[in-house]
Structures are given as C-alpha cells and as structure tokens.
Amino acid sequence: MIIRDIDLERQVQASKRTWNVLSGFVCIVIGSVLGGCARYFISGVVARNVGETFPWGTMIINVSGAFLIGILGGLATNQSSLMASTNPWLFAVTGFLGCYTTVSSFSLQTLSLARDGETGRAVSNVLLSLILCLSAVTCGFSLSEWLST
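According to numbering that gives the first Met the number 0, the sequence shown holds residues 0 to 148 in order.
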C-alpha cells in the first residue's frame with residue numbers, strides 16, 4: 000500500500016511539472032503573438048506618419064518596451080504582486096515584450112545607416128536608443144515603486 004502511495008505521489012508531481020512547463024509555454028506563445036502583432040502595427044503607423052529615413056518606429060517600440068519592462072520588473076519585486084508569479088511574467092515579459100521589442104531590427108537598421116554613409120544617423124540611433132531606453136526602464140521601475148507605496 001505504501002509503495003502505491005509513493006508511486007501515485009510521484010505521478011502527481013510529474014503531472015504538475017508537466018503542467019507548469021506546458022502552461023508556461025502557452026503563456027509565452029500567446030504573449031509572443033500579441034507582442035509581435037503590436038510591434039508590426041505600431042512600427043507601421045510610425046513609418047507611415049513620420050517616414051522611414053530614420054528608424055523611429057523601432058526606437059518608439061524599444062523605448063516603450065523598456066518603460067513597460069521597468070514597470071513589470073518593479074512590480075515583480077513585491078512577492079504579493081501578480082508579476083512575481085511565473086506565468087504572468089512569462090506572458091508579459093518573455094512573450095509579449097520579448098517579441099514587441101527588437102534588438103535585431105535596431106542592429107540591422109543601425110548597420111544599414113552606417114553602410115549607406117549615414118554615420119551621423121547611425122551614431123544618433125545608438126546613442127538615442129541607449130539613453131532613452133535606460134531612462135525609460137528607470138522611469139518605469141521608479142513609477143511602479145512609487146505606485147506600490
């Protein structure tokens with residue numbers, strides 16, 4: 000009887016681990032789809048309204064994403080916050096913001112500017128992105144701390 004109970008407990012624990020992995024995977028997939036679609040839509044709106052001579056769309060995406068991850072990171076420091084839980088974090092940060100923000104597009108666009116002889120614009124893109132993204136994540140984190148006090 001004891002052996003059956005131990006086997007049953009092992010099966011229950013294995014099922015819980017499997018469920019945790021699968022539910023995390025689903026959270027990432029759904030967040031990724033939504034984040035990628037949001038990036039596509041917002042970048043397109045910016046490109047149509049501002050033009051494509053400078054990667055403003057990518058910069059707006061990355062700065063707003065940095066602000067959001069700052070907020071979520073700040074919330075996650077509070078153990079009673081929803082963001083301190085695994086699946087909400089996987090959905091929002093790993094999934095949504097992982098596909099919403101884009102270092103690869105930033106890198107390629109910066110390289111393209113430099114290769115096209117637009118060195119000043121390439122350097123401006125790097126410096127503006129670095130300064131604005133770090134400022135945005137700091138503001139987001141500070142805002143979440145301020146709101147939770």
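No lab work stands behind these hints, which were simulated from the structure alone.
One should not assume that every hint holds.
As the list claims (entries may be wrong) - Straight-line distance between alpha carbons at most 20 angstroms, and here's what the computed SDA-like set of lysine to any residue pairs gives:
#1 Lys15 - Val25
#2 Lys15 - Arg120
#3 Lys15 - Ile27
#4 Lys15 - Thr85
#5 Lys15 - Ser84
#6 Lys15 - Gly116
#7 Lys15 - Ser31
Here is how each hint holds up against the structure:
The hinted pair formed by Lys15 and Val25 meets the criterion: a straight-line CA distance of about 15 angstroms does not exceed 20 angstroms. Between the alpha carbons of Lys15 and Arg120 the distance comes to roughly 52 angstroms, so the proposed pair goes past 20 angstroms and is violated. With a C-alpha separation of about 18 angstroms, the suggested pairing of Lys15 with Ile27 holds against the 20 angstroms cut-off. A threshold of 20 angstroms between alpha carbons decides the hint, and for Lys15 with Thr85 the separation of about 14 angstroms falls inside it, so the pair holds.
For the proposed pair Lys15 and Ser84, the alpha carbon gap of about 16 angstroms is at most 20 angstroms, so the pair holds. With a C-alpha separation of about 56 angstroms, the suggested pairing of Lys15 with Gly116 is violated against the 20 angstroms cut-off. Pair hint Lys15 plus Ser31 does not hold up; C-alpha atoms about 24 angstroms apart against a cutoff of 20 angstroms.
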